[in-house]
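S.K.: Model the placement of chain B on the given structure of chain A, informed by the hints.
Each protein sequence line maps, in turn, to chains A and B. My numbering applies: residue 1 is where the first sequence begins, and numbers increase by one. My numbering applies: residue 1 is where the second sequence begins, and numbers increase by one.
Keep in mind that a hint or two might mislead.
In this list, chains with the same sequence are indistinguishable; a pair is considered to hold if it fits within one copy or across any two.
To be verified - In silico lysine to aspartate or glutamate, DMTMM-like type, Cα no more than 25 Å apart, as pairs: (1) Lys270 / Asp124; (2) Lys328 / Asp23; (3) Lys21 / Glu46; (4) Lys256 / Asp143; (5) Lys110 / Glu46; (6) Lys326 / Asp124; (7) Lys256 / Asp165; (8) Lys51 / Asp86; (9) Lys3 / Asp145; (10) Lys256 / Glu241; (11) Lys184 / Asp208.
Because the hints were derived from the structure by calculation, they are not lab data.
2 protein chains.
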Amino acid sequence: MSKGNLDVVGIGNAIVDVLSKTDDDFLHNNGIRKGTMTLVEAAQAEALYAKIGPGMEVSGGSAANTAAALASLGSKAGFIGKVAHDQLGSVFRHDIQAAGVTFETAPLVKGVPTARCMVLITPDAQRTMNTYLGACVYLSPEDLDEEMISGAQVTYLEGYLFDRDNAKRAFYKAAQMAHKAKRKVALSLSDPFCVDRHREEFIELVNDHVDILFANEAEIMSLYKANDFEAAISAARVQSELCAITRSEKGSVIVKDGETIEIKAEPVAKVVDTTGAGDLYAAGFLHGYTSNRDLKTCGRMASVAAGEIIAQVGARPQRSLADLLKAKDAA
Amino acid sequence: MSKGNLDVVGIGNAIVDVLSKTDDDFLHNNGIRKGTMTLVEAAQAEALYAKIGPGMEVSGGSAANTAAALASLGSKAGFIGKVAHDQLGSVFRHDIQAAGVTFETAPLVKGVPTARCMVLITPDAQRTMNTYLGACVYLSPEDLDEEMISGAQVTYLEGYLFDRDNAKRAFYKAAQMAHKAKRKVALSLSDPFCVDRHREEFIELVNDHVDILFANEAEIMSLYKANDFEAAISAARVQSELCAITRSEKGSVIVKDGETIEIKAEPVAKVVDTTGAGDLYAAGFLHGYTSNRDLKTCGRMASVAAGEIIAQVGARPQRSLADLLKAKDAA
Chain A
1 MSKGNLDVVG IGNAIVDVLS KTDDDFLHNN GIRKGTMTLV EAAQAEALYA KIGPGMEVSG
61 GSAANTAAAL ASLGSKAGFI GKVAHDQLGS VFRHDIQAAG VTFETAPLVK GVPTARCMVL
121 ITPDAQRTMN TYLGACVYLS PEDLDEEMIS GAQVTYLEGY LFDRDNAKRA FYKAAQMAHK
181 AKRKVALSLS DPFCVDRHRE EFIELVNDHV DILFANEAEI MSLYKANDFE AAISAARVQS
241 ELCAITRSEK GSVIVKDGET IEIKAEPVAK VVDTTGAGDL YAAGFLHGYT SNRDLKTCGR
301 MASVAAGEII AQVGARPQRS LADLLKAKDA A
Chain B
1 MSKGNLDVVG IGNAIVDVLS KTDDDFLHNN GIRKGTMTLV EAAQAEALYA KIGPGMEVSG
61 GSAANTAAAL ASLGSKAGFI GKVAHDQLGS VFRHDIQAAG VTFETAPLVK GVPTARCMVL
121 ITPDAQRTMN TYLGACVYLS PEDLDEEMIS GAQVTYLEGY LFDRDNAKRA FYKAAQMAHK
181 AKRKVALSLS DPFCVDRHRE EFIELVNDHV DILFANEAEI MSLYKANDFE AAISAARVQS
241 ELCAITRSEK GSVIVKDGET IEIKAEPVAK VVDTTGAGDL YAAGFLHGYT SNRDLKTCGR
301 MASVAAGEII AQVGARPQRS LADLLKAKDA A
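Just chain A, same shape as in the assembly (with noise of 0.2 Å):
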């Protein structure tokens, strides 16, 4: 595979999820907000580690997770993140290759380690994130590969590459560098309170260097500080030119020069872990828009990626997404 010639390069948070199972009572005692993600440095990090029950590390990371997905669905896709030269950092490479995805960033060799996310899953299959950033921190502008960006259909990125300057940095540039070889950016808003974090930030950004938005209900009610949906909906309509926004169980409406569609969610058995939901709604997305679909069917392709990884845990594909696409009759 050429890195050149990609339908889609995701850059993000380069990050090792650690899964244990909890329950509200330890959310509650130890003041986490339930289906947020908060940033935590190193010793906090490790006090809460050394609280939660027995782990299960899978790799993670939101743009990687999507890259991952997309790569499962049969997409060419690439991804730019920033690991520490460490055994986390070994198991994220290892991981994101072997799932098919062009993966070059040069590992941090001192400092910090591999970013880790504790994600602790509450019986109602919602996940709590906490994450400590480690070297995520440190991806800059020069780690953005150039060849790979301008030669990808669409740039990928996520919201939480916000919460530190470098990575805003190289945010900014790779948005520039896709642009000037006409290529589309989008942009997952990743957390209400990321949004909350850099609200001004975000909406400058969707309406001046983001193609394609991503967002739930709650992330786009934060970003137009919307008192419901329809406002929401309304604003969206107005400032971005293509937008998405899921909606859990009621499914997603895609957004479109003034047109709505509604797109049904995937009926789930059971959602064991909601985990990666939106990552791989992105995934399902962008693999139908990189391959001329129409939306209606984009739409579909996601709500089938997001469907299945609610109900298995972690948040990367434990089986052929293509295949699934078939089965479903959706490919």
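M.R.: For chain B alone, coordinates are given in the frame of chain A:
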């Protein structure tokens, strides 16, 4: 919990498992014999890791799995084994302590990394293991905690320790410590090829130092070079004091004082990964044994614990086995 007052202390290799799905062709093309455990050196381990699919890291190790399961069953369990001072070592330590097991063995500070075992899971739910022993090799008699061993009702040793001299010396010394304190020594044969590598020593060990022997059908036949299961049982009847032999879906057989007790396998809706079946069988059995239950009850507890672990991915229980025993009316 006092570490001098345990029900069972397990001594074995401290390993992080890398679970990865594969198929029969992959095993065949890489000359790997299905269902076995093969020891690999660092370079071989890296070469194989580069070829396998995305993984999931979960703490493992045979006796360590048994200790974690014992804690989940409500027994007081300890573990002695050697990790390195690295990220995977921290993962191992966290997980076994979070499971409720007393684990205090000092890590190896310099040299080789924490052990990892690539567990390749085929669609038939069989697991095939390639183990790089790393720091485990440095478990030595000095690592044995005499307070822990002399205070525990049973010291449980995994046969895999016999693959390296340091660990083997630790093995004999632990048996000696336990017997000096008038405690019991249990041994799991671990793997037919491990038995094959060390047959004479294992026979002497079983005759002279072991009170409770765990084996599966292939292992007990290998130990006594028996042509059929009946011949192996006859040999066990003569040579071991108490022996529990697992036979997968055919259940298990407990041999004690010439008497043979047959135990049914626990029905399992769908076997997804047989990793840890033997480890959990031993845990269930020892949980009953150390709480003075009759052998039939010990066998039933063993079957329930083993049935649970093969219905999930990984060899550490993901829900309370004590609750499960109650639900199954086996407590």
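S.K.: State for each hint whether it applies.
M.R.: To see whether the hints hold, each was checked on the structure:
For the identical chains of this complex, Lys270 and Asp124 are neighbours both inside a copy (10 Å) and across copies (23 Å), given an alpha-carbon limit of 25 Å. Proximity of Lys328 to Asp23 under the C-alpha cut-off of 25 Å is restricted to the inter-copy arrangement: shortest distance 24 Å between copies versus 34 Å within a copy. For a Cα distance limit of 25 Å, the shortest separation of Lys21 from Glu46 inside one copy, 17 Å, qualifies, whereas the shortest one across copies, 31 Å, does not. For the identical chains of this complex, Lys256 and Asp143 are neighbours neither inside a copy (33 Å) nor across copies (66 Å), given an alpha-carbon limit of 25 Å.
With identical chains, the CA atoms of Lys110 and Glu46 are at most 25 Å apart both within one copy (20 Å) and between copies (22 Å). Taking CA atoms no more than 25 Å apart as the test, Lys326 paired with Asp124 passes between copies only; the shortest distance there is 23 Å, against 30 Å inside one copy. In this assembly of identical chains, the alpha carbons of Lys256 and Asp165 never lie at most 25 Å apart, being 31 Å within a copy and 69 Å across copies at closest. In this homomeric assembly, Lys51 and Asp86 come within 25 Å of each other (Cα to Cα) both inside a single copy, at 24 Å, and across copies, at 20 Å.
When the C-alpha separation of Lys3 and Asp145 is checked against a cutoff of 25 Å, the pair qualifies only within one copy, where the shortest distance is 9 Å, while the shortest distance between copies is 54 Å. Taking the closest pair of Cα atoms, Lys256 and Glu241 come within 25 Å of each other only inside a single copy of the chain (6 Å); across copies the shortest separation is 76 Å, beyond that limit. Within a single copy, Lys184 and Asp208 get their C-alpha atoms as close as 12 Å, which meets the 25 Å cut-off; across copies the closest is 73 Å, which misses it.
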